[in-house]
Amino acid sequence: MKLLLQIYPRRWRDRYGDELAALLEDEPLTWRVRANVLLAGLQERLRSGGPPRVLWAWTLFVVGGIAFQKTSEHWQAVVPTGDRGVPTAAFDAVQVAAVVGSAAVLTGIALALPSFWRDLGHGGWAALRRPVFLALATTTISLSALAFFALWHSFATAAVAVFLASALLSLFAWTHAAVVAAERLAVAQARACAYLAAAVGATMIVMLAAAAIWFGSVMAHASSFVGAGQLAVVVVFMVTGTLLALPGAIRSLRV
Amino acid sequence: MNDPRLLILTSLSSGPKHGHALLLDIEAFAGVRLGPGTLYGAITRLEERGLIEPIAAEERKRPYRLTAAGTRELNDSLAGLSRIIETGTARLAGVTA
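So the sequences go chain by chain: R and A.
The opening residue of the first sequence carries number 684 in my numbering; numbering runs sequentially from there.
The opening residue of the second sequence carries number 3 in my numbering; numbering runs sequentially from there.
By construction, these hints were calculated from the structure, which means they are not laboratory data.
Beta carbons: idealized from backbone N, C-alpha and C, even for Gly.
It is possible that some hints are incorrect.
Under the rule of at most 35 Å between Cα atoms (straight-line distance), these lysine-lysine pairs were calculated in the DSBU-like manner [to be verified]: (1) Lys19(A) - Lys685(R); (2) Lys63(A) - Lys19(A); (3) Lys63(A) - Lys685(R).
Reference listing, derived: stretches of chain A covered by chain R, where coverage requires no fewer than 3 residues with Cβ under 8 Å from a Cβ of chain R [as the list claims (entries may be wrong)]: (4) 14 to 23; (5) 40 to 49; (6) 61 to 67.
Sample of chain R residues lacking proximity to chain A, with all beta carbon distances greater than 12 Å (derived) [unchecked claim]: (7) Leu826; (8) Ala828; (9) Trp835.
Here chain R stands alone, though its shape is the one from the complex (with noise of 0.2 Å):
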């Protein structure tokens, strides 16, 4: 049972938490209960948004953003030097947007380090050792990976999956991690990171707009240019994070 309890948002269970699982001690714990209780932690864990959140759609959009970057590697060479003037603005909208996003997402991490080392001290290093320990095991296989195809300069398919599977794992890890230190905070400056937490979001909209207008301009001259794969990739993370950044960011406005 308290492991079901772990789907809802922590400030969530810390006042409504024991309650609950006092009222599930007198109801028989049927699959449906199970599910009801699930769906409706779910639910809690999408209205608590804020700038937490705004930390796990970033991840999502910075993977997006990669596949972005990579797809995008030539393009001027399908693409008329005539026609290029709409690509280069939507590409060059993308990097002002990522720069911007990310001097924001740096700002509220700053800003919110002196809570988070008082918390540290205060039970934040129970709370984060799991997160952080499971984060520092995906990041070690994935540097283990790193190291081989260094050391042995070979690319094995494998050994590539690997790789990329850990990585991915550990940008979720770490993120996680930032996440529930993120929530246990009263950051002092709650306003302003959460004045961030809305400028992330925004920069997301127009990075997604951007890179739209950049895939429709330069697929009008080669359609074959990106694989399906690679913008599945794109479009799946970009928007993905965006929706989970768009309610966080108006919330945390709310503060």
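Take the given structure of chain R and dock chain A to it, following the hints.
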């Protein structure tokens, strides 16, 4: 008629209740068995809107009661429902007459 928030407000109109008592009361007067997650989701929203408030906990079970705003909300909701019921009943009577 199975809006969890309205059911909770209606249940609390007869006095403070904790989660399990709310579930039993709602099942008794409305024939609806709310899931625990649904119940606490609705309690969260109602408390956020200031329509209900917690009172001193009995161990881990915390009873809730209606606030003045909650009583007004319940009155307005029931008045709205009454109008719908009257209209629907009158129109049905016209159809069957």
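A quick look at each hint next to the structure:
1. Lys19(A) - Lys685(R): Distance ~24 Å between Lys19(A) and Lys685(R) Cα, so the pair holds.
2. Lys63(A) - Lys19(A): This hinted pair holds, its Cα atoms lying about 9 Å apart.
3. Lys63(A) - Lys685(R): Within the cut-off at roughly 17 Å; holds.
4. 14 to 23: holds (count 3)
5. 40 to 49: holds (count 6)
6. 61 to 67: holds (count 4)
7. Leu826: Its Cβ never comes within 12 Å of chain A, the nearest being 41 Å, so this holds.
8. Ala828: Given a closest Cβ separation of 41 Å, the condition holds.
9. Trp835: Trp835(R) clear of chain A: closest Cβ-Cβ about 51 Å, beyond 12 Å.
Checked against the numbered hints above, the structure violates none of them.
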